[in-house]
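Student: Here is what each chain is made of, one letter per residue.
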Amino acid sequence: MEEKVKNITTEEQQEYVINMGPQHPSTHGVLRLVVSLKGETVKSVQPHIGYIHRGIEKMCESITYPQVIHLTDRMDYLSAHINNEAVCLAVEKALEVEISDRIKVIRTLMSELTRIQSHQLWWASFGMDLGGLTCFFYGLRDREKILDIFEETCGSRMIVSYNCPGGVMYDLHPDFAKKVKEFIRYFRKILPEYNQLLTGNVIFHERSKGIGNLSLEDAISFGITGPSGRASGFSCDVRKHEPYSAYDRVTFKEILYTQGDTYHRYVARIEEMWESMNIIEQLIDNIPEGPFAVKMKPVIKLPEGEYYQRVETARGELGVYVISDGNKNPYRVKFRSPNFVNLSVLNHIAKGFKIADLVAIGGSLDLVIPDIDR
Amino acid sequence: MPFDIYNFTSFTQWIDSSLHNAMSPFWTALTEMVIIGVLVLMFYAVVGLFLVYAERKVCAFMQNRLGPNRVGPFGIFQTIADLVKLLFVELIPIKNADGFLFNLAPFIVIIAGFMAIAAIPFANGLHAIDMNIGVLYVIAVSSMGVIGVLLAGWSSNNKYSLIGAMRSGAQIISYELSVGLALITIVILAGSMQLSVIVEAQRDGWFIFKGHIPAFIAFIIFLISSTAETNRGPFDLAEAESELTAGYHTEYSGIKFAFFFLAEYMNMFIVASIAATIFLGGWMPFHVGPWVGFNHIMDFIPPFVWYIGKTFFVIFLMMWFKWTFPRLRIDQLLTLEWKYLLPINLVNVLIMAFLVLMGWHF
Numbered sequence: 001m002e003e004k005v006k007n008i009t010t011e012e013q014q015e016y017v018i019n020m021g022p023q024h025p026s027t028h029g030v031l032r033l034v035v036s037l038k039g040e041t042v043k044s045v046q047p048h049i050g051y052i053h054r055g056i057e058k059m060c061e062s063i064t065y066p067q068v069i070h071l072t073d074r075m076d077y078l079s080a081h082i083n084n085e086a087v088c089l090a091v092e093k094a095l096e097v098e099i100s101d102r103i104k105v106i107r108t109l110m111s112e113l114t115r116i117q118s119h120q121l122w123w124a125s126f127g128m129d130l131g132g133l134t135c136f137f138y139g140l141r142d143r144e145k146i147l148d149i150f151e152e153t154c155g156s157r158m159i160v161s162y163n164c165p166g167g168v169m170y171d172l173h174p175d176f177a178k179k180v181k182e183f184i185r186y187f188r189k190i191l192p193e194y195n196q197l198l199t200g201n202v203i204f205h206e207r208s209k210g211i212g213n214l215s216l217e218d219a220i221s222f223g224i225t226g227p228s229g230r231a232s233g234f235s236c237d238v239r240k241h242e243p244y245s246a247y248d249r250v251t252f253k254e255i256l257y258t259q260g261d262t263y264h265r266y267v268a269r270i271e272e273m274w275e276s277m278n279i280i281e282q283l284i285d286n287i288p289e290g291p292f293a294v295k296m297k298p299v300i301k302l303p304e305g306e307y308y309q310r311v312e313t314a315r316g317e318l319g320v321y322v323i324s325d326g327n328k329n330p331y332r333v334k335f336r337s338p339n340f341v342n343l344s345v346l347n348h349i350a351k352g353f354k355i356a357d358l359v360a361i362g363g364s365l366d367l368v369i370p371d372i373d374r
Numbered sequence: 001m002p003f004d005i006y007n008f009t010s011f012t013q014w015i016d017s018s019l020h021n022a023m024s025p026f027w028t029a030l031t032e033m034v035i036i037g038v039l040v041l042m043f044y045a046v047v048g049l050f051l052v053y054a055e056r057k058v059c060a061f062m063q064n065r066l067g068p069n070r071v072g073p074f075g076i077f078q079t080i081a082d083l084v085k086l087l088f089v090e091l092i093p094i095k096n097a098d099g100f101l102f103n104l105a106p107f108i109v110i111i112a113g114f115m116a117i118a119a120i121p122f123a124n125g126l127h128a129i130d131m132n133i134g135v136l137y138v139i140a141v142s143s144m145g146v147i148g149v150l151l152a153g154w155s156s157n158n159k160y161s162l163i164g165a166m167r168s169g170a171q172i173i174s175y176e177l178s179v180g181l182a183l184i185t186i187v188i189l190a191g192s193m194q195l196s197v198i199v200e201a202q203r204d205g206w207f208i209f210k211g212h213i214p215a216f217i218a219f220i221i222f223l224i225s226s227t228a229e230t231n232r233g234p235f236d237l238a239e240a241e242s243e244l245t246a247g248y249h250t251e252y253s254g255i256k257f258a259f260f261f262l263a264e265y266m267n268m269f270i271v272a273s274i275a276a277t278i279f280l281g282g283w284m285p286f287h288v289g290p291w292v293g294f295n296h297i298m299d300f301i302p303p304f305v306w307y308i309g310k311t312f313f314v315i316f317l318m319m320w321f322k323w324t325f326p327r328l329r330i331d332q333l334l335t336l337e338w339k340y341l342l343p344i345n346l347v348n349v350l351i352m353a354f355l356v357l358m359g360w361h362f
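Sequences listed follow chains A and B, in order.
At position 203 of the first sequence the residue is numbered 203 (my numbering), and the sequence of numbers has no breaks.
At position 260 of the second sequence the residue is numbered 260 (my numbering), and the sequence of numbers has no breaks.
Every clue listed holds true.
With a Cα cut of at most 27 Å, we get these calculated BS3-like pairs of lysine-lysine:
id : chain 1 : residue 1 : chain 2 : residue 2
1  : A       : Lys351    : B       : Lys159
2  : A       : Lys38     : B       : Lys159
3  : A       : Lys297    : A       : Lys93
4  : A       : Lys328    : A       : Lys301
5  : A       : Lys181    : A       : Lys253
6  : A       : Lys354    : B       : Lys159
7  : A       : Lys253    : A       : Lys145
8  : B       : Lys57     : A       : Lys145
9  : B       : Lys159    : A       : Lys43
10 : A       : Lys354    : B       : Lys339
11 : A       : Lys58     : A       : Lys93
12 : A       : Lys328    : A       : Lys93
13 : A       : Lys179    : A       : Lys145
14 : A       : Lys253    : A       : Lys179
15 : A       : Lys209    : A       : Lys253
16 : A       : Lys334    : A       : Lys301
17 : A       : Lys253    : A       : Lys178
18 : A       : Lys93     : A       : Lys295
19 : A       : Lys104    : A       : Lys295
20 : A       : Lys43     : A       : Lys354
21 : A       : Lys301    : A       : Lys104
22 : A       : Lys43     : A       : Lys209
23 : A       : Lys351    : A       : Lys43
24 : A       : Lys145    : A       : Lys104
25 : B       : Lys339    : A       : Lys209
26 : A       : Lys38     : B       : Lys95
27 : B       : Lys339    : A       : Lys38
Worth flagging that the hints you see were computed from the coordinates, not collected in a lab.
Please put together the full structure from these sequences, using the hints given.
Tutor: What follows is the structure, encoded as structure tokens:
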């Protein structure tokens, strides 16, 4: 004990350690950040995770594959549909099931709607992190319209669980195409309003430009994916490089910037919303006819082996790694969650900035805590 | 003059003289103090409650919401219900907090507001005290609130509170300069620091119109720096809820929190009424030079209504940009003051002095 006290250097003694979280407005969940400050400058950030660990990977080992899908909703609850899709694609890959075009298009449409609503909520909360409280209500107002579309088709609003191995649970609602087109028409008018409110603001530029710079080398070595990685110039869009579902039949731009600061992570997401709307517009008018699900066996058993499927969620690359021993339960499931990896870079890029910038940087990484802990 | 029917001077003098007839000078002074104290206290409470309601409605309409609409018609009793709730909330004792300073802090903040109200002329002859250094007094008293904020942050034994209080200290002391210089610009134009004289000088035109561009610049600077001085968004760094949870009043609960909360709105009211008095003519009606009929109609609106209308216009401006802009960072805030507002302000004062010397103002 005595020795320990002696070993503390004066430098460390001068540090002002504060606990951000687990209950803190800007950690967006139960994330705990131990922040060492000198004045207002951040010396180091130590994330402490595990407050919402539910053991999803372990639970998967004792349940069947269709049941696993419902657990994946609870990881990144804002990209629930995309998480479902990843597991379904892995199972279908293992069973070598050919799924129809209609299913592929439905899944792609739903994924892109999920991406837009996730980015809307991110925009809302990012604005709030920076102190612009009005953004929150604008973002949620528009997100509600997508959730209504989900509700009609899937029966659920946020945790949709719409996918099942071999297709989707139910057919699309008859009004689906009409409602989606209505939404796109509406949101194309509203998105410039977002820019007027926040993007064009001088204070916002001051707060975000040149803050939390992440170089391309660091982005690759930390494995930062999603819009955060692409803002640093890391071309990591799985939809482009390894197209799944119907992404091979649509044309869209991969949003790439080289600056890698908070502002460009922000702009990358705003631009992604435009691209998602382009993708939806290409598909919505010609959804192929056909069954909405392939008939599968009542008990799904994967052949022995290892399977990996990656998809692009709203936050980055989600990998599903399944080891099967031929039973109806997986032997081991591992999720490569984008948020866990993205969190690891926080200390690296937030060092040396002010505590207010730490909040902005954390917001721009768009962390969803249940996905970090799983 | 038509608006002499609204002159309160004879009314207040009548009260004063009849009290003098009834008792000794000492008791007269004491009775007058009590009357004024009670009136100011009531005014303080009513305005505070109304401003909280107004802010909630304004911010609701800016955010696509309805705002309070359940308690009473249009929810006007919502803030009263909230206040009653706050009265009954448990006062949580803080471990290792400096109890005396912790309890003292909200009172200092409130008292600073009270004292500033004393000098403000609400209508012709309706002010508690008309000092010949009114502007100086208001500046001095309104900056006392920072002591309460600093004490609150220091004594609550909370790291967030301390950061918030230190930010607030740096911020208020810096922006005090801009507020002062912006007011000095107009004092040069008016040639007096007495608030009633300043208002009287605006009989034939408000200073924001009379003082050419320097007065307008001074008004803008006053608006920015007084917003910063009252710790309101986009300068609400002291209580930046996304960074410091609630800043200096994180540890306060119940009625002590309500004091801070009310004081914030009262400070906003005070700076808005100073802006209205100095730049927008106080209780003076709006006159357009040769339009005699129009001027007569304007004269029939009571001066108190003019004063309240102008004050609420400024308050609305402050609410407007609070609910639109994101928050600044502490170093940007200080940069804005020391590198931009202060030099502009100093030059502005010189220009105004030059204008007054040459007699180029209206």
